[in-house]
Amino acid sequence: MEKYIVLTNKDTFQTVIDNEGLEPVETYHFYFFDQLKAKYTIAKVLDDDIKIQLFEKYEEKEYVNHIRVKFFETFPTIEGAREELYEIVKASGNSEDSKYSKLVKSEQAAV
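Residue numbers (my numbering): 1 to 111.
To be clear, the hints were calculated from the coordinates, so they are not data collected in a lab.
There may be inaccurate statements among the hints.
[Stated by the list, open to error] Here are the simulated DSSO-like cross-link-like pairs (lysine-lysine), alpha carbons at most 27 Å apart as the crow flies:
1. Lys61 <-> Lys37
2. Lys10 <-> Lys70
3. Lys61 <-> Lys90
Please work from the sequences and hints to get the whole structure.
What follows is the structure in structure tokens.
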């Protein structure tokens, strides 16, 4: 059974996409007031036993975590992962601010 996850990269929060147990499928750039705020990558899970590496900067300190893929929300189809991504973006601002935000699919290979 196929599984897909949505991974996030922001200034303060980086997810390592380069992982033998993942196959990046699509990457989207989220802009707010024409400023890139986040990159979201939908990836196919190839190995349920992998750990995903996360880097976080918080209060001038850097943290590295290795989290098992089983702790991420997964979706049986890429369409389900896309729907979740759209919900994440929709929830990122109030309705008044939404006119200043946009989600753009990257033309490059998923990164």
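**Asked** Is Lys61 within 27 Å of Lys37, Cα to Cα?
**Response** Measuring from Cα to Cα gives roughly 21 Å; hence the hint holds.
**Asked** Given the hint that Lys61 pairs with Lys90, does the C-alpha gap stay at or below 27 Å?
**Response** Given pair Lys61, Lys90 is violated - Cα atoms ~30 Å apart, limit 27 Å.
**Satisfaction of hint between Lys70 and Lys10, Cα-Cα up to 27 Å** = holds, 22 Å
Hint compliance for this structure: hint 3 alone is broken.
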